[in-house]
Amino acid sequence: MAQRLVDLLKNQFALAVLETHAQHGDETVVLDPGSWHEVCRYLRDAPPAQMNMLIDLTAVDYPDRDPRFEVVAHLYSLHHGHRLRVKTRVGDQSGDDAAVDSLADLWGSANWMERECWDMFGVRFIGHPDLRRILLYPEFIGHPLRKDYPAERIQPLVPYRIEEANEKIAPFGKYEGMPFGRQTHQTVITDGSDPELFPESVDAHPSRSH
Amino acid sequence: MGELAPKTGKSTHVMQPALVDGFATTRLQDLLAWAQKYSLFMCPFVTACCGMEFMGVTSPRYDLSRFGAEVPRFSPRQSDLLWVVGTITQRQAPVLKRIYEQMAEPKWVMAFGTCASCGGFYDNYATVAGIDKIVPCDVYIPGCPPRPEGVLDGLMLLMDKIARGDKRPAVVKPRVDPVDLPTHGLVQLASKKRESVA
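Protein chains in written order, with this note's numbering: chain A, 6 to 215; chain B, 3 to 200.
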């Protein structure tokens with residue numbers, strides 16, 4: 006069904022469409038990054054397309070490829086009920102100059118999704134109204150979903166505690182958690198006749214018994 | 003301030019020379035600890051899916067008020083026990099630390115569930131691998147999420163530690179460790195398998 010759309014794009018933007026393919030019936034169009042915004046605007050506004058919903062926008066890091074990143078957008082038309090996946094490829098091996106036009110002026114949902122994409126992959130969106138990190142904190146250095154981000158690197162905001170000697174003894178006691186509440190008070194209820202507990206008889210101090 | 007001197011032997015004696023009246027002797031620290039362990043006002047710091055199980059624990063069915071621990075105070079300044087329920091991210095760590103610092107002594111911290119205890123399977127850039135990296139923790143309750151019975155075990159363990167003046171952290175364990183039972187199901191199956199192979 007979306008094949009008509011692909012043919013339409015091929016006719017309208019012969020230079021911008023780099024390649025097309027379909028996976029399980031989902032049509033995909035790979036665009037030139039310079040035409041990214043123009044083609045998307047056409048897809049939103051042209052009567053045969055009317056893609057009025059941007060479902061998802063994210064990126065994929067292929068560290069061996071050049072350009073390195075693939076920005077992926079999933080479009081849906083509520084009028085026609087058809088879908089299209091559009092991709093574009095940006096960025097060199099270092100990933101520093103990965104940038105593509107923002108779609109935030111076409112679909113409101115692109116705003117936060119592009120912020121997430123910047124946060125996780127470091128792809129800049131030119132013309133975005135407010136390109137800040139959205140999930141991570143501003144102090145974070147780097148972009149964690151890039152394949153070259155070390156898997157074990159953490160960037161704590163609070164310095165980790167240094168455990169004091171008696172605060173954490175591992176392994177914990179063998180019977181920890183089992184005899185709870187049973188060995189606590191060692192309360193003894195007695196009538197005062199136990200000579201070990203009461204060497205002096207209670208009767209010798211009648212004032213104490215009251 | 004929440005700390006008790008180590009003690010030896012029997013501390014509390016109730017003497018009943020007559021049937022109608024009597025008196026008791028104890029240590030002041032024991033009396034304070036006895037009061038503290040039955041009035042644990044909670045400050046819930048609920049961040050993730052363990053919160054659903056936490057709601058179950060605080061429901062009438064499990065009846066936390068039996069332990070005097072049912073009253074939530076959503077201000078840390080009025081709380082004794084900080085329940086950290088769920089995953090703590092690096093971004094949330096300063097908030098948790100600040101909440102903890104706002105609590106007045108004596109105070110205790112409960113790590114509810116695996117994520118709060120050690121990070122669980124979130125071994126990544128975003129997650130704090132256990133709240134004891136940020137704040138000292140008294141009782142760890144494993145489980146993903148823990149059963150309410152396990153949580154009650156943890157609460158009673160904490161009360162026990164308060165009464166004993168034991169400041170070391172503790173972890174809730176199953177009542178019966180399957181490893182200790184040679185005839186337990188899984189262990190038995192494994193040994194039978196080995197025999198059949200041999």
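Everything labelled a hint here was simulated from the structure, so no lab data went into it.
One or more of the hints may lead you astray.
Stated by the list, open to error - Estimated spans, in silico, between C-beta atoms of each pair: (1) D61/A - C51/B: 22 to 30 Å; (2) P143/A - T27/B: 54 to 62 Å; (3) D135/A - C51/B: 40 to 48 Å.
This one's a predicted model, so the numbers in the text were calculated from it and none came from an experiment.
Every residue, glycine too, gets a C-beta built ideally from N, C-alpha and C.
Exercise. Does the Cβ distance between P143/A and T27/B fall inside 54 to 62 Å?
Worked result: The hinted range 54 to 62 Å holds for P143/A and T27/B, with Cβ atoms some 60 Å apart.
For this session: Indicate whether the distance between the beta carbons of D135/A and C51/B respects the range 40 to 48 Å.
Result: At roughly 31 Å between Cβ atoms, C51/B and D135/A fall outside 40 to 48 Å, so the hint is violated.
For this session: Could you check the hint for me, namely that D61/A and C51/B are 22 to 30 Å apart, CB to CB?
Result: holds (24 Å)
In summary, the one numbered hint that this structure violates is 3.
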